[in-house]
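Heads up: the protein sequence lines correspond to chains A and B, in order.
Numbering-wise (this note's numbering), the first sequence opens with residue 5 and increments by one.
Numbering-wise (this note's numbering), the second sequence opens with residue 204 and increments by one.
Wrong hints could be hidden among the right ones.
[Stated by the list, open to error] Covered by chain B, per the in silico footprint, the following chain A stretches (three or more residues, Cβ under 8 Å):
| hint | segment |
| --- | --- |
| 1 | 184-195 |
| 2 | 248-255 |
| 3 | 269-282 |
| 4 | 289-297 |
[What the hints assert, rightly or not] Straight-line Cα separation of at most 30 Å, BS3-like style, residue types lysine-lysine; simulated pairs:
| hint | chain 1 | residue 1 | chain 2 | residue 2 |
| --- | --- | --- | --- | --- |
| 5 | B | Lys482 | A | Lys286 |
| 6 | B | Lys211 | B | Lys458 |
| 7 | A | Lys291 | B | Lys458 |
| 8 | B | Lys485 | A | Lys286 |
| 9 | A | Lys58 | A | Lys20 |
| 10 | B | Lys485 | A | Lys291 |
[Unchecked claim] Residues on chain A that point at chain B, a partial pick, calculated with CB under 8 Å:
| hint | residue |
| --- | --- |
| 11 | Arg48 |
| 12 | Ile63 |
| 13 | Ser154 |
| 14 | Gly155 |
| 15 | Ser181 |
| 16 | His211 |
| 17 | Pro236 |
| 18 | Gln238 |
| 19 | Glu258 |
Read the hints as simulated data drawn from the structure, not as lab findings.
For every residue, glycine included, the Cβ atom is placed at its ideal position computed from N, Cα and C.
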Amino acid sequence: MDEYFIRTEHLYCNYKDENGREAPALIDINLNIKKGEYIAVIGRNGSGKSTLAKLLNMILVPASGKIYIDGRDITSGDLTDSDILDIRRKVGMVFQNPDNQLVATIVEEDIAFGPENLGVPTPEIRRRVDFALETVGMRGYEKHEPHRLSGGQKQRIAIAGVLAMEPECIILDEATSMLDPRGRAEVISTIERLNRERGITVIMITHYMNEAVRADRVIVLSDGRLIRDCTPRQLFSDPDFLRRQGLDVPQSVELIDELRRQGIAISGVPVTQDECAEAIMKCLKNKRKKAENGKDQA
Amino acid sequence: MAKIRLEKINYVYSPGTPFETRALRDVDLEIKEGIVTGIIGHTGSGKSTMVMLLNGLEKPTSGRVLLDGVDIWEKPKEISKVRFRVGLVMQYPEYQLFEETVAKDIAFGPRNMGLSEEEIAARVREAAGIVGLAPELLEKSPFELSGGEKRRAAIAGIIAMKPEVLVLDEPAAGLDPAGRERILATIRKYREQTGGTVIIVSHSMEDMAEICDEIVVMLEGSIFMSGSTAEVFSKAGELRRIGLDVPEITGLMLKLRDMGVEIDTIPYTVSDAVPKLMKLLK
Numbered sequence: 005m006d007e008y009f010i011r012t013e014h015l016y017c018n019y020k021d022e023n024g025r026e027a028p029a030l031i032d033i034n035l036n037i038k039k040g041e042y043i044a045v046i047g048r049n050g051s052g053k054s055t056l057a058k059l060l061n062m063i064l065v066p067a068s069g070k071i072y073i074d075g076r077d078i079t080s081g082d083l084t085d086s087d088i089l090d091i092r093r094k095v096g097m098v099f100q101n102p103d104n105q106l107v108a109t110i111v112e113e114d115i116a117f118g119p120e121n122l123g124v125p126t127p128e129i130r131r132r133v134d135f136a137l138e139t140v141g142m143r144g145y146e147k148h149e150p151h152r153l154s155g156g157q158k159q160r161i162a163i164a165g166v167l168a169m170e171p172e173c174i175i176l177d178e179a180t181s182m183l184d185p186r187g188r189a190e191v192i193s194t195i196e197r198l199n200r201e202r203g204i205t206v207i208m209i210t211h212y213m214n215e216a217v218r219a220d221r222v223i224v225l226s227d228g229r230l231i232r233d234c235t236p237r238q239l240f241s242d243p244d245f246l247r248r249q250g251l252d253v254p255q256s257v258e259l260i261d262e263l264r265r266q267g268i269a270i271s272g273v274p275v276t277q278d279e280c281a282e283a284i285m286k287c288l289k290n291k292r293k294k295a296e297n298g299k300d301q302a
Numbered sequence: 204m205a206k207i208r209l210e211k212i213n214y215v216y217s218p219g220t221p222f223e224t225r226a227l228r229d230v231d232l233e234i235k236e237g238i239v240t241g242i243i244g245h246t247g248s249g250k251s252t253m254v255m256l257l258n259g260l261e262k263p264t265s266g267r268v269l270l271d272g273v274d275i276w277e278k279p280k281e282i283s284k285v286r287f288r289v290g291l292v293m294q295y296p297e298y299q300l301f302e303e304t305v306a307k308d309i310a311f312g313p314r315n316m317g318l319s320e321e322e323i324a325a326r327v328r329e330a331a332g333i334v335g336l337a338p339e340l341l342e343k344s345p346f347e348l349s350g351g352e353k354r355r356a357a358i359a360g361i362i363a364m365k366p367e368v369l370v371l372d373e374p375a376a377g378l379d380p381a382g383r384e385r386i387l388a389t390i391r392k393y394r395e396q397t398g399g400t401v402i403i404v405s406h407s408m409e410d411m412a413e414i415c416d417e418i419v420v421m422l423e424g425s426i427f428m429s430g431s432t433a434e435v436f437s438k439a440g441e442l443r444r445i446g447l448d449v450p451e452i453t454g455l456m457l458k459l460r461d462m463g464v465e466i467d468t469i470p471y472t473v474s475d476a477v478p479k480l481m482k483l484l485k
């Protein structure tokens, strides 16, 4: 049994550029993801994030290299249609645009679509639909029309559709980027709950650093290469790296960085707003103490 | 001087049906000339309806929209002239690109205005310069561009009409940080080169803090609050009460104040925050 739920070895993938030439989209990607991990994938547009997601879900086929899902080599070429369906059931995807992934005209039919195609018996489908809606906090919307829902609600229905397939991993490809802050918060808290309470492996492709900061591990892609695989804290302790990669630096981290540049000694690696506020408070207290000591000596 | 004034605007969707929704209620608002005004609020708060009223794409159920003091619906047949004067960049405008080349797409608006070919070409070049599209991209198909480039090509199409007011609805939504920064740069450059009035709708408080002179906060079809960017973001408590946020740096400085640090005016950009803290820390 493989220790890792997802493992890639020397993975390469190409795409056809505008002149029809083959260009590399991913170069030598070696990745290990354990069951239950919460991974954020960041990188500018065109860095290969979506290509990676589509390889793991078998929407794309690699040029070379290996991908193992739950111990199974999905690149071996001897997979039957039912093997492929099984991989897609295990690794579900939620895409960017909430309007492009709902297929039915009633919420519960949309969620039932996947299990129906798998031939799941009707009472079992009913149970799964109810469970999925409950989990994403959308009970009571069974008979609603998806197109009348808000963006955040539509994405939660899309997640429920994936959940009804009883997946072990969910990949979100910029699934919050078209949502307003409230919708984004709805989706993120839903996903975090699934990860924490159900042990579902989460791979979150995102541009928002405040989403990446909540992950166990952050993977940075640049021009098709995996250039960093570390904890969020390690990543945010290097704002220059983020800037060079064209990624956002959280404003709190930027402030600490600028104060240090101007000669203020700030200890530790504060990354969240609270940690940064506390680090600044500590400096102020130290300064006050020093001033008082100075007075005593005088 | 008010460039645009809204007087007692009401807007009702699908009146007389079970879906009747009042999107705007008794809205009075002045948009000042030559500055950047931001509009913030939740989805469904009436922001997008309001921007569609500004250039006559929608007609208010009651109330008046005044452009330079004149009711834009006074002569309904001439409403298309208002659309040249108030240019609206809708959400995800790149879905509306359709011409064979980027240059032709940018030229679409100016051509509808009946301008000479020479004038059209000059405007296309100028607009492409403002949005930062390299000349060699202009002869490509819009579909060969990256997402951020497509977005800027669509914005250039509106800028090329030389509107007096440029209205942008969520111009940076869905772009990566580099793409978002280029959109902000475009707005700055547009302001520098034309001195025009800009109205921008966005969910990013950090972007709004950086670019807006004034901010209007919408809530359930009404104006909840409006004022200078500093005034609006100083009312963090009220904004949070209605589920909106303040820029991250503002939140951090408010936390410090709660912890007992003396900060007179709360900054809303990092570059404002640094000198204030340096004074205390040095």
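Status of each hint after checking the structure:
{"no.": "1", "hint": "184-195", "result": "holds (count 4)"}
{"no.": "2", "hint": "248-255", "result": "holds (count 5)"}
{"no.": "3", "hint": "269-282", "result": "holds (count 4)"}
{"no.": "4", "hint": "289-297", "result": "violated (count 1)"}
{"no.": "5", "hint": "B/Lys482 / A/Lys286", "result": "holds (16 Å)"}
{"no.": "6", "hint": "B/Lys211 / B/Lys458", "result": "violated (39 Å)"}
{"no.": "7", "hint": "A/Lys291 / B/Lys458", "result": "holds (19 Å)"}
{"no.": "8", "hint": "B/Lys485 / A/Lys286", "result": "holds (14 Å)"}
{"no.": "9", "hint": "A/Lys58 / A/Lys20", "result": "holds (16 Å)"}
{"no.": "10", "hint": "B/Lys485 / A/Lys291", "result": "holds (8 Å)"}
{"no.": "11", "hint": "Arg48", "result": "holds (5 Å)"}
{"no.": "12", "hint": "Ile63", "result": "violated (19 Å)"}
{"no.": "13", "hint": "Ser154", "result": "holds (6 Å)"}
{"no.": "14", "hint": "Gly155", "result": "holds (7 Å)"}
{"no.": "15", "hint": "Ser181", "result": "holds (5 Å)"}
{"no.": "16", "hint": "His211", "result": "holds (5 Å)"}
{"no.": "17", "hint": "Pro236", "result": "violated (16 Å)"}
{"no.": "18", "hint": "Gln238", "result": "violated (20 Å)"}
{"no.": "19", "hint": "Glu258", "result": "holds (5 Å)"}
Hint check: violations occur at hints 4, 6, 12, 17, 18; the rest are consistent with the structure.
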